[in-house]
Amino acid sequence: MKNFEYAAPCSENEVLQLLSDQSGQTELLAGGTDLVGLMKKMIVTPDRVVNIMEVPTLKNIEAVDGGGVAIGATVTLDEILAHPYLEDYPAITDAILGINSMQLQSQGTLGGEILQRPRCWFYRNGQELLDTGQISGGDNRFHAIFGNNGRSKFVQSSRIAPALCVLAAEARVIGPSDSDIQMIPLLDLFRTPRQEGQREHTLLPNQLVTHLVLPPVNGGLNATYEVRQGAGPEFPLASAAVSLELDNQQRVHQARVVLGQVAPTPWSSAAAADALMGQPLDAQAAETAGLAAVEEATPLSHNGYKVQLAQVAVKRAILRAAGLETGGL
Amino acid sequence: MTKSNEYTDSSRATVNRRSFLKGSGAVAAATALHSPAVEAEPQAAANVVSGATTITLNVNGGDHKVTVEPRTTLLEALRSQLELTGAKPVSSDGSSGASTVLVDGKPVMASTTLAMAVTGKNIETVESLGGEDTDAVPRAFVKHDAQQCGFCTPGFVVAVRALLNKNPDATESQIRQGLNGNICRCGTYNNIIKAALDVVKGGV
Amino acid sequence: MVLQDNDQTKEPMGPYQWPARKDTDVIGKDHDRLDGLVKSTGAAKYTYDVNLKNQLIAVALGCPHSHVRIKSVDSTAAEKVDGVVHVEVLEQGKEGKEVRWAGELLVVVAAESEGAAREGVANIKIEYEMLDVFTADDDLEAAQRAKRTTKGGNRIETEQEPGDDDDEDEFYEKEFVRLFKDAEIVHEGEYGIDAITHCCLEPHGATAVWEGDKLVVYLSTQNVSGTDDQFAGALGVTANDVEVRCDYIGGGFGSKFAPDYWGIAAARIAKKTGRPVRLMLDRDQELRIGGSRPSGYVKVKVGADKTGKLSVWDSHHWGTGGSGRGAVSIGVVPYVMVPPNRRSIATNINTNNAPVRAWRAPNHPQGCALSQTVIDDVAGKLGKDSYDVFMANLANCTNGKAEVYADQMKVAARLMDWKAKWHPHGKGAVKGSVVEGLGMGLHTWGGAAHPSTCTLKIHPDGSVESFLGSQDLGSGTRTVCAQVLAETLGLKVTDVTVNLGSSKYPISGPSGGSTTVGGVSQSHRRSAQDGLQKLFVLVAAKLGAKASDLIAAGGRIQTTDGNKSLSWKQACGLLGVTPLETTRSHERGKDGALSSSGVAGVQMAHVSVDKDTGVIRVNKFVAVQDQGLVINPKTCKSQISGAVIMGIAASIYEQRVNDPRTGLFLNSGSFDRDGYGLARLGDVGDIVVELYEPESERSRGVIGNGEPPAISPKTAISNAVANALGVRVPVVPMTPKRVLDALAKAAGKA
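Same order as they appear, the protein sequences are chains A, B and C. So the first sequence is numbered by my numbering: it starts at 22 and just counts up by one. So the second sequence is numbered by my numbering: it starts at 502 and just counts up by one. So the third sequence is numbered by my numbering: it starts at 127 and just counts up by one.
I should point out that these hints are in silico values taken from the structure, not numbers from a laboratory. Misleading hints may appear alongside valid ones.
Stated by the list, open to error - Output of the computed footprint for chain C on chain A, the stretches with three or more beta carbons under 8 Å from beta carbons of chain C:
id, segment
1, 61-72
2, 99-110
3, 136-144
4, 155-165
5, 193-202
Said to hold, decoys possible - Straight-line C-alpha distance at most 25 Å; calculated PhoX-like pairs for lysine-lysine:
id, chain 1, residue 1, chain 2, residue 2
6, C, Lys557, B, Lys566
7, C, Lys179, B, Lys695
8, B, Lys644, C, Lys760
9, C, Lys863, B, Lys695
10, C, Lys863, C, Lys557
Unchecked claim - Stretch by stretch, here's where chain C covers chain A in the computed footprint (C-beta under 8 Å, at least three residues):
id, segment
11, 22-28
12, 255-266
13, 344-350
Where is the CB? At the ideal position from N, CA and C, for every residue including glycine.
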């Protein structure tokens, strides 16, 4: 690790004061499960690390007036699992349970989990994030099958972000001045970098996500399904989160489908959602939506198999949300 | 899922969305819901620390002074300054679980925790489970031969202790699901399951 | 260091033998490992745990490219980093040197803290000239195009011999055509097994400290007695002045027999700086250079009769042992069951990976996986039960163990409930997308006892201790030695102390080849038997009995009729003030009744496969293993269970991924972030271990079992997956990608 300055402020304002407006100079430390490893490998080399775990306002799960829940950025994943307010949001708890590591669950935070750095073994071996031939010409078995026509071929790392996206979560973001407080739909927080040095999210270096705010579910169904090879915390090969609302005929009248681990951002599939509209929630509808989700996939040289896995993930997420057997191992 | 009694519907405090947006709601809710000691009024800019600094870590029930840099991990501090070498460095990114310790009762990887980030917290290492009144978990590891080379063992012992602290009646299936944050290369998993189950049954 | 054992040549007493099964109190009984509690409470000190006063922490720069020439090295910036004390450019890091694999250590930075050392490493500037890279070890044609192949040998054996007038090549060509024509069924296929690494959880490394001109090295080693001389030679000091210590080692698996150049570097830097130096490999360095196992890929054609018994085998296999090393030995393809007509050709592929090291049963896992998958596919083609086809092929057994295998197969089949679970390949019930399958494999290994010398001290106060320059890899060496002493002296295991882990103790062989338990039990049994005889002489005089009429049991020395006796402590009191010391050795090859070699094992796997995702789960695994006489069933079973779990990892998860473009080992830096996949606790189903120890095997004495049970798992699991799917996933590990690709290929054909 390069040496750095360290501060552990106790308020959001202090955090903001300590952050640089220059990219790469300051890093926010929460659970440390991603950042510390990256710093050890000198892939991330900040001049200052700001530990936000001592800020009390970031540590709570609160109900929001009129329904919904606000989750502080440094709430740990095990706290979310245990919290009754999250009972209506199984998509989130499915994703957290899938992490399969007590340590990652009790050390990792929600904010840290969704903003962990990209999943790409070239990047994590010290190479550039964007493709210069190393990814398209190399072993890209875990890389993107959607949104990969530019130089971004990595996949977004977060296991929970697809769930938050289908649940229409918004990020509460604060910046140097009071007028900078914003509520940003989570899906809009992620972006596909087009040039080296650009981050995989739209946050400025001196902004802070304080909370993720979930609207009420209002009787809707939601779930996450991850295709994982083993029982450990290894990342899924593909995942999908869905949220569904049924009309009084028990037919789908609203649907959101977001795939994970398949694109440089959480990947929203309008095609899969459209395929569900007006359908009864059964195995046939799930199958059709799965196929629709991957119709536009553009696999790279080594990851064609992920197309089927993405399809299966969508299908099984829908079945799980519907309370039907997902099948499989 | 464990339900906590403190969150009943009647006590369901809410945060007003508009004031929350403005930045005041969350603070109010936090103080209302939780410990009265929390006071989040901004102070002067927080202390920025650089270079070697002496801090106090509370480890295994006692306060210990260690001199660390901001980049020093808890694992390095424990191993090189407190001679607590039970927690092991196996992977630099915490993916082996070999550096597992308890911080305020929760299992975390000391290898991805900065020493300065855990001042004021209760840190328990595997060594706290040994000594005169040896804990049932390490004893069960011996009884069921749940170790071979032993390098992953301290991390596993702490993980089992954490799992059983949270769920003293863990079933075999919960144990199989709950102990996947640790890696063993010699292949001791089946005996670890037996050891954990034996602790649940009070057999050691 | 050679310890002259004059005592032994003067008065070896013997005869040395094990007590009958019915007469043992300690041997053959479960015993907790003696170092269990120090390990499970974190008190055991491994090499990585040694903290010496004033110690420097060294971190090395590993070459970031797979094949380069060093153009220039500039360490000035590193030297200026706060806390950096010394920068050492290693021999292979010097200008003009060619580096043939990534991860090779080039420069070592020693500093006051790990952080400073790492920052120093990051500040070293090296210019590289990039050279050609090749790592596609599975692609024979590409290797040939890249001129990376060499001949790896061939072996031809046929029942019909060429006549004196025949041209041999022509004869064999015709003969193999005839043999395949005559075969009732012919099967062709391609199979493979990827390279994996040792992945010791304690990486390779050392802490070196000079005390004047004397060097003490704390080394993570499987070879305590054999590394001191290697340090001395490399450093130009006399071996007397070097001591290697290793009380505990965090895994070796065949990769830790030498000081390695980084161990030597630690000693050099310690000398130059006058301070103790610790240098351990990083996780990615450990995986890249700390040891790997050769890959193997085969193209094979076999002929068989209607029972599935192979009559002819014709194969060409290739693979890499890394830079400059060979493919899997021609001697294990085919494996154990060798048809009377066989032609095996091997091609070595030279890749830009670090050279291989011995990996748990070198060659055998690959030989097994490249051969017995073929037998299983013959069973599939015939629609026959794999069990019956394996049984038929036992007629081709070349190690004389056909009857043992047959019996072990019966035992394993019962434990697996094979008959009830069996269905022909691809014909099992499908539940949703999940199918189940059964598979088996069998193996052999030597395991002859290595040389070992034990010095036994019986103290006048009754305490007993032994000394030997061995090491306990987690196999239970300490405990086994103590059990042998306790059994022989009529004591409890807790009454004796076993001292190992120093090169200053009497020599014992390296722990490799499953040779340790045979060796150390030999030296301990001999020392204890003879030591006891000497004590008997004193006791006999005291009791007025004959020494030959005395026995040691239950903490007493007594006449066989039990009428006269002394407690162990009273008996030892007769020694006066001088301990009784007995040193006895075992020489390799002179087994006598105490040890022998050659074991057999049969394994069976039951799996579930999700056809939609390619995910595999091992539901149940049965391992039946012979290892002669078992001293400690508890630790013995642990070894076998562990070998099976290692095999589960290599069957499904574990592989070295070399980037096709840069050759880089892409998954060496982590375990969970697209990292090096090992089985986790939840991945391991029910494992049933059966120690196969009928009197016929027990009477052969002690044989090591560290390696044999690691041979068959990949075969058994691959065969089980083939049985489930009705389609062979040709290469292990059977990742979801490979399972889906195999299914797609089969569907395309159909």
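How the hints compare with the structure:
Coverage of the segment 61-72 of chain A by chain C holds in this model, with 3 residues showing a Cβ closer than 8 Å to a Cβ of that chain against a need of three. Note: the segment 99-110 of chain A has 0 residues with beta-carbon separation from chain C under 8 Å; the three-residue rule is not met and the coverage is violated. Requiring three or more residues with a Cβ within less than 8 Å of a Cβ of chain C, the coverage given for the segment 136-144 of chain A holds, as 3 such residues are present. Counting residues of the segment 155-165 of chain A whose beta carbon lies closer than 8 Å to any beta carbon of chain C gives 6, which reaches the threshold of three, so the coverage claim holds.
Counting residues of the segment 193-202 of chain A whose C-beta lies closer than 8 Å to any C-beta of chain C gives 0; at least three are required, and the coverage claim is violated. With a C-alpha separation of about 60 Å, the suggested pairing of lysine 557 of chain C with lysine 566 of chain B is violated against the 25 Å cut-off. With a C-alpha separation of about 41 Å, the suggested pair lysine 179 of chain C and lysine 695 of chain B falls outside the 25 Å cut-off, and the hint is violated. Under the criterion of a C-alpha separation no larger than 25 Å, the hint pairing lysine 644 of chain B with lysine 760 of chain C is consistent with the structure, at around 10 Å.
Our distance criterion of 25 Å between C-alpha atoms is broken by lysine 863 of chain C and lysine 695 of chain B, whose separation comes to about 34 Å. Only pairs whose Cα atoms come within 25 Å are accepted, and lysine 863 of chain C paired with lysine 557 of chain C is accepted, the gap being roughly 21 Å. Counting residues of the segment 22-28 of chain A whose beta carbon lies closer than 8 Å to any beta carbon of chain C gives 3, which meets the minimum of three for the stated coverage. Remark: the segment 255-266 of chain A is confirmed as covered by chain C, as 3 of its residues place a Cβ nearer than 8 Å to a Cβ of that chain, reaching the required three.
Here the segment 344-350 of chain A counts 4 residues with a CB under 8 Å from a CB of chain C, which clears the bar of 3, and the coverage holds.
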